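As you go down the protein sequences, you meet chains F and W in turn.
Position one of the first sequence corresponds to residue 5 (the numbering used here), numbered consecutively onward.
Position one of the second sequence corresponds to residue 470 (the numbering used here), numbered consecutively onward.
No lab work stands behind these hints: they were computed from the structure.
Honestly, I wouldn't trust all of these hints.
Example chain W residues on the side facing chain F (calculated, C-beta under 10 angstroms, incomplete) [unchecked claim]:
#, residue
1, T757
2, D778
3, P780
4, G823
5, L824
6, E826
7, E831
8, S832
9, K834
Straight line, CA to CA, 35 angstroms or less: simulated DSBU-like cross-link-like pairs of lysine-lysine [said to hold, decoys possible]:
#, chain 1, residue 1, chain 2, residue 2
10, W, K762, F, K152
11, F, K315, W, K751
12, F, K315, W, K834
13, W, K751, W, K716
Here the structure is a predicted model, which means the values were calculated and not measured.
Backbone N, C-alpha and C fix where the C-beta goes; we use that ideal spot for every residue, glycine too.
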Amino acid sequence: MRVSVLQENLYKGLSIVGRAVPSRASLPILSNVLIATEDARVRLAATNLQLGITVWIGAKVEDDGSVTLPARTFQDLVATLPPERVDMDLDTRTLTLHLHCAGKSANIKGMDAAEFPQMPEFEPDRAISVRADVFKEMIEQVVFAAAKDESRPVLAGVLLRFDGDVFTMAAADGYRLSVRTTELEFSVGDRAPDPVIVPARTLQELGRIISDDDEEVLIALPDGRGQVMFSLDNVLVVSQLIEGKFPDYEAIIPRTYQTSVMAYTSELLAACRSSEVFAKDSANTARVLIEPASSPNEPGQVIVAGQSQEKGDAQAPLEATIEGTAIEIAFNIRYLIEVLNVIREDRVVLETSGPTAPGVVRPAGRDDFIHVIMPMSTAR
Amino acid sequence: MVRKILHLDLDAFFCAVEELNNPALRGVPFAVGGRPDQRGVVASCSYAARRFGVRSAMSTATALRLCPGLILVPHRRGAYSQVSRQVMARLHDLSPLVEQLSIDEAFVDVSFLPDDPAEVARRLQSEINESLGLPCSLGVATNKLVAKIANNVGKSRVQGDAPPNAITVVPPGEEAAFLSELPVSELWGVGPKTAETLARYGVRTIGDVAAWPEAELMRLFGKHGQSIARHARGIDDRPVEPERETKSISKEITFSRDVTDGVLLERTLRQLADGVGRQARKSRLSGTTVKLKLRWSDFTTLTRQVTLDHPVDEDDAIFEAARELFHRFWTVGRPVRLIGVGLSGFAQPHRQLGLWEDPAEESEKRRLQTTLDDLRERFGDDAIRRGSDLSIDEP
Chain F
5 MRVSVLQENL YKGLSIVGRA VPSRASLPIL SNVLIATEDA RVRLAATNLQ
55 LGITVWIGAK VEDDGSVTLP ARTFQDLVAT LPPERVDMDL DTRTLTLHLH
105 CAGKSANIKG MDAAEFPQMP EFEPDRAISV RADVFKEMIE QVVFAAAKDE
155 SRPVLAGVLL RFDGDVFTMA AADGYRLSVR TTELEFSVGD RAPDPVIVPA
205 RTLQELGRII SDDDEEVLIA LPDGRGQVMF SLDNVLVVSQ LIEGKFPDYE
255 AIIPRTYQTS VMAYTSELLA ACRSSEVFAK DSANTARVLI EPASSPNEPG
305 QVIVAGQSQE KGDAQAPLEA TIEGTAIEIA FNIRYLIEVL NVIREDRVVL
355 ETSGPTAPGV VRPAGRDDFI HVIMPMSTAR
Chain W
470 MVRKILHLDL DAFFCAVEEL NNPALRGVPF AVGGRPDQRG VVASCSYAAR
520 RFGVRSAMST ATALRLCPGL ILVPHRRGAY SQVSRQVMAR LHDLSPLVEQ
570 LSIDEAFVDV SFLPDDPAEV ARRLQSEINE SLGLPCSLGV ATNKLVAKIA
620 NNVGKSRVQG DAPPNAITVV PPGEEAAFLS ELPVSELWGV GPKTAETLAR
670 YGVRTIGDVA AWPEAELMRL FGKHGQSIAR HARGIDDRPV EPERETKSIS
720 KEITFSRDVT DGVLLERTLR QLADGVGRQA RKSRLSGTTV KLKLRWSDFT
770 TLTRQVTLDH PVDEDDAIFE AARELFHRFW TVGRPVRLIG VGLSGFAQPH
820 RQLGLWEDPA EESEKRRLQT TLDDLRERFG DDAIRRGSDL SIDEP
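With these hints in hand, go ahead and build the complete structure from the sequences.
In structure tokens:
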């Protein structure tokens, strides 16, 4: 193999595939990244057997070939090189890659590419197309609600559902639920695949990878393989699916409310952050007091209060449009902050029906995103 | 040294706070408590309501039958705690030796003050009356037992729709005489069972008990008999114990013979966890850390703990955590000499509710736990037991 690439492209490619390299590999080869020529490009790939990432970068190929190199070493080295042309030359006998860039040279010892797990190829014929910027936003609005631990494996994933021209993503960690929908440009019609559960981690990586240059993400669910593939311009992400049935989330979305609050997202977020300073000490419990206006011409008031037994307390009031009765409800303030962080709209709506009933958070004037948070019970 | 002990009790405390909030309630029969359709009970009732026979801990339904015009005011724990803290702060201003018994009751040791304790009590009362607007009664004596009984007696002597706001003083040396005419049930440690036994011997008043030889009481009631005898004579040496912050609650048991039986060990763990839970609830503490202690036959001790994601005070939650630790660190058949369970990391009780959780189920559990605690509190630890414990004790 003899090939030349630009340092920036190589570095960017390595940092993308590097996300799939396991920190403690079960097989030594998995600590390596595959580098292989393919037409006028270089293919880089890494996998932890759950998640595989392949990136193609432009290259000048003189001789075809492939090898695997220790991912960390390769990436660390490339990071130190100037943004110039990198010439790579593989000694097929010793599997050592000789690398030259702006007068610097290095030799990296590799392992046989044949030992590297076969990366599946993308199957575009039945793929579903989603706008890249929309998909990125959907991931951002849903993925944080997935469970961080594996005690209930399905909750560590995100549900992907296709019904006609509606694409839904949902995640819940048992205490909160995020559901985001979008309309597909091309309806899947009656060839809609069954709903699948994708590991949250996969989507987090995908969210990082999708760039402003990407226009669409193609999603493929090859039959009977238990895998999902996401194809971008120069990146392919393949992930194992989580087996199991996602719990019925629609049943827990409240259809009615007793009190509805509309406030400026940034003001509510700032109030939550103030209370968090103290709420941290009491398992993030913060109280939200909702007080409707005393007369129709005045605004209502929301007070977010956090308390620490040792350190003190904070009350942050803000004006809001309130409909319904006064309510005091306690939330894990992190949950509230996390959802407010992913709402781009100026105004946000919070609906609740009592201190033990689920609270609903959604952007004002939009019905494609809904977030449900269970309150904290502080009663004895 | 002759001590000067005050016992302070806020008169119909929750009602008094509600009256401050809504002066229209003053002099009116009303009660703080749950709604009758939710099987609520009366937490506190105004003196006007007491005239109709309404009492605290009575079911709201019964209370309404006795007093059909009774106004029900919802319970606001937060408000009462806040006012209670203000009252307790006044006591701490007086003396560092304050032992708070409950939200509305405390002992204060003012022995080191040069003043007459009756005068101290009067000043304290008017301070609480005037600056906080709350009626309160005080008992003054040379020890905790007599101060508290004096207060009970003094309060009950005041009749009418207004709170008693009484002060009752038992001067040094008159303790036994003061107690002698009172029924034995006024004494601490004399429950319905003991009172019944005493009644069979014709003993009805505290004076009757005092006249009995201590040896005879000890024969009847064991070591407990000794304290009954002393209390009946108005003797009580227990100090006023300022609240020390509880850092942990633990229970342990050393077996008379090392135990290898996993079932027995688990059952013991269950009893210990129940005991820890009960004490936690009694002290109104919830902890996030559950600790397991195991001592092997060679006297080496292993302690392991787990931190839960929210503070707990329920028997089941403590037991589950302890059991998991136990099975993780105990190998089947290994002889155990001592086993213990502890709870620490106390924090404000709060619990994240789950999306797929039935809130009714949780409150049912809570109610069951409270009922069990009440039964044990009133009728003793053996009043109710787990089915799993019966097989070994009563084959």
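Check your understanding: Which of the listed hints are not met by the structure?
Key -> Per hint list: single violation, 9.
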